[in-house]
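J.: Sequence:
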Amino acid sequence: PLDGDRLLRKWLRAYESAVSFHFSNYFVGFLSEATATLAGAGFTEKKDHLEWDLTVSKPLNVELPRSMVEVVTSWNLPMSYWLNNYVFKNALRLGTFSAVLVTYAASALLHGFSFHLAAVLLSLAFITYVEHVLRKRLARILSACVLSKRCPPDCSHQHRLGLGVRALNLLFGALAIFHLAYLGSLFDVDVDDTTEEQGYGMAYTVHKWSELSWASHWVTFGCWIFYRLIG
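Okay, so the sequence shown: first residue is 9 according to our numbering, each after it adds one.
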């Protein structure tokens, strides 16, 4: 087979593993929503009624994302809220980047601090930070709604829904899917049960990402260089 075909198969396999892992998370999220609702929790008190509005995850924001920032906040909404309010905001006095690292380190600790999860989460820290600062700078330079999060209706940007704005947001969305496939390649659907039970070690993590030439990390580094050049 051609090298291009082999490379394509590797990336399709990585995307398959990522999506499989995503849907296992959605299953747990929807199950927790259902059990919480059946237990009488998960509602908001309105003036004259109760609104059953508990939401754990937003799958569409993960599978068709605007940004990696949107992915990490939509993956587990209650956990994201807790980490943002009790870890990130308290760590902001250390600086934004340090606060991001502390937040993802706390998330890795809460997930059991297995090597592959820690590698994914700390990689996410760099990816989301670089994406955030790059899009913030592009939004300022272009005066366009290309931030990681959607702009409010009354934002001051001159360009909001033009073709160029949509194209740039689609480009960053495609880049987010690329990052998700790369990071999700660690959760191989065909890995043997023994390896899964013992945990994915450093050698496994390095091997899987080496197969993809560390592409996501290199792209993130390239985005950071671009961010510095346009500063």
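If you're looking for bench data, these hints aren't it; they were derived computationally from the structure.
Among the clues, some could well be false.
Said to hold, decoys possible - Derived CB-CB ranges, DEER-like:
| no. | residue 1 | residue 2 | range |
| --- | --- | --- | --- |
| 1 | H167 | D198 | 44 to 52 Å |
| 2 | N93 | W232 | 24 to 32 Å |
| 3 | S32 | W222 | 38 to 46 Å |
Claimed, not checked - Calculated cross-link-like contacts (lysine-lysine; reagent style BS3-like; alpha-carbon spacing at most 30 Å):
| no. | residue 1 | residue 2 |
| --- | --- | --- |
| 4 | K54 | K18 |
| 5 | K54 | K66 |
| 6 | K54 | K97 |
| 7 | K157 | K144 |
| 8 | K18 | K66 |
| 9 | K97 | K18 |
| 10 | K157 | K54 |
| 11 | K18 | K55 |
| 12 | K55 | K144 |
| 13 | K144 | K66 |
| 14 | K66 | K55 |
Using N, Cα and C, we set each Cβ at its ideal position, and we do this for glycine too.
J.: Each hint needs a verdict: does it hold in this structure or not?
T.: Here's how the hints hold up against the structure:
no.	hint	verdict
1	H167 to D198: 44 to 52 Å	46 Å, holds
2	N93 to W232: 24 to 32 Å	28 Å, holds
3	S32 to W222: 38 to 46 Å	25 Å, violated
4	K54 to K18	50 Å, violated
5	K54 to K66	23 Å, holds
6	K54 to K97	28 Å, holds
7	K157 to K144	10 Å, holds
8	K18 to K66	27 Å, holds
9	K97 to K18	39 Å, violated
10	K157 to K54	27 Å, holds
11	K18 to K55	54 Å, violated
12	K55 to K144	38 Å, violated
13	K144 to K66	24 Å, holds
14	K66 to K55	27 Å, holds
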